[in-house]
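2 protein chains.
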Amino acid sequence: MPDLRRDPIVGRWVIISTERSARPHDFVPVQTTRPLAATLCPFCPGQERLTPKEIMAYRPQPVEPNNPNWTVRVVPNKFPALQIEGNLDRQGHGLYDRMNGIGAHEVIIETPNHTESLADMPTKRIEDVLWAYRDRMIDLKNDVRFRYILIFKNHGASAGATLEHSHSQLIALPIIPTSMFEEIDGCRAHYEQKERCIYCDIIRQDLADGDRIVAENPEFLCVTPYAPRFPFEMWILPKRHAGHFEESQKTQFEFLAPILSEALRRMDKVLAKPSYNFILHSSPLHEKTGDFYHWHIEIIPKLTQVAGFEWGTGFYINPVAPEESAKFLREAGI
Amino acid sequence: MPDLRRDPIVGRWVIISTERSARPHDFVPVQTTRPLAATLCPFCPGQERLTPKEIMAYRPQPVEPNNPNWTVRVVPNKFPALQIEGNLDRQGHGLYDRMNGIGAHEVIIETPNHTESLADMPTKRIEDVLWAYRDRMIDLKNDVRFRYILIFKNHGASAGATLEHSHSQLIALPIIPTSMFEEIDGCRAHYEQKERCIYCDIIRQDLADGDRIVAENPEFLCVTPYAPRFPFEMWILPKRHAGHFEESQKTQFEFLAPILSEALRRMDKVLAKPSYNFILHSSPLHEKTGDFYHWHIEIIPKLTQVAGFEWGTGFYINPVAPEESAKFLREAGI
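Protein chains in written order, with this note's numbering: chain G, 342 to 675; chain C, 342 to 675.
Hints may contain errors.
The list treats identical chains as one, so a pair stands whether inside a single copy or across any two.
In silico lysine to aspartate or glutamate, DMTMM-like type, Cα no more than 20 Å apart, as pairs [said to hold, decoys possible]:
1) K482 x E426
2) K610 x E533
3) K580 x D609
4) K668 x D344
5) K629 x E588
6) K610 x E560
7) K610 x D632
For the record, the hints were derived by calculation from the structure and aren't laboratory data.
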């Protein structure tokens, strides 16, 4: 059973997941994407038996589960960081707090095509991926053990992807991750002072300033944030205030898919198809944060080596001003 | 002039240092250590003209500055993230806050020997490196613009080192980095509740538990923390409460040098000389935090690729329990 442990000083929870790897020599080489031939890829159609049993899939024609002919397929992670069965069993040990590492860890296979990336896909099919995120969130929200659902994508070896076939991941957690907690606290403080959502204020100011805009449509804005940790970091925000991604309307996804696609294609053009991560930041499942928290997606190309300085301090040196990176991205011919 | 910018949501300051790199194609390859021949290394004796003018150096015999025959040498970083001259010029721009990127960015060259690592050095010479840290902190503390001094080491390419010759870095900042602020807040909360330092409590519990101890001497304890973010993460803590590294007595350094050396050698043995970072966590320069903050060193071997999940959330999956890694480290024959 994995362990969830809390740092007593800063309150940060970590997963100690010893099932995944144990001996020091496992760490000697830094992890890289396994260059699997498509015929061996567990995410390719026809290889459904190589994954745990599917949780859901979208298929043009209904067939039995775990067969081909799907367009998006969701399966449990074969090497989950957390375990779905069991209770939390919260315990104190002197200063320290722990609980069982209970959670869901799922993989969203975005395409049946081994070589297709999310940026290459038609926007209608990106919409389907967004629907899959939403459907899984709605389902997992019914499990009272969970307080937060993380959805993220690692694209490319240096962003942490271990399989080449395009996929995202979902982790449902019995705690709220520290950084989300800090964002929510910041939003709450602003709301208490101003009675406005701070992300709504950011959208207004960034639209007025203009020089950090990467892309825009009637429902969404893509900007480089004013104080980015990383070069070419981008945020995609719904223009209308909304705390919960999973409560989005159909028209929202019809506008989110093309702006996500555009952001990725602009990034691919300017930075020659970099490795990247994106992370969906949405409200906790049951806390009343909807008035002041504003869901969004953060996209982080993996370009610079993060050094000791950044690790130890949460304080980042970014060699590119966001106004500069926005200009490169905005003006890229795609 | 570099820019210091504050994220309006979480309050995190970042350095936008556009002097260092500007065009997107600069980012296409991930940075690696330049395999410089020792004859071209700016940190080697005889090449002193290749660095900016030295700030201080330890020499067995006094000679003119910027000559060989030093054992430790401190120079300004040739590509500083911050600029030493100027005033802060704090400004607001709507929601956003900025100030000039004023700060010191120095390099501590730990050895005249190009191929020697800190772990290989005799402890007397490691003591000298610690004295150099202290002397620079004492000097920079006189500059009222600075609120925090970061000292850290990137060892190896995948930990962010750009030059092979063993060195540490110092950055003096006009702000307190977010993570330090969070640690201090956590310590203050514990102190207000218990009237005890939380790190002192950790030392007592870890000594009693025993299974997270890596090394120990009369003045210092090296442990793997209870909730480590990274496999084989280690903390070195002074057993006697002390908030400020730079106020250490001579005997403290006589005990710190050997335990730092031992920790690095145990890590090198178990993990086959990994890349690593260490970061000195000490009190802010002028805040009254000495009663409840406890300085320490955090050592982080660079083993696992940090994925999107960790970046976006500050929530880490660690595949090794600290009790396990402490056992491997403690039992390594060195």
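Worksheet item: Which hints from the list above does the structure break, by number from lowest to highest?
Response: Checked against the structure, the hints that fail are numbers 2, 3, 6, 7, while the rest are satisfied.
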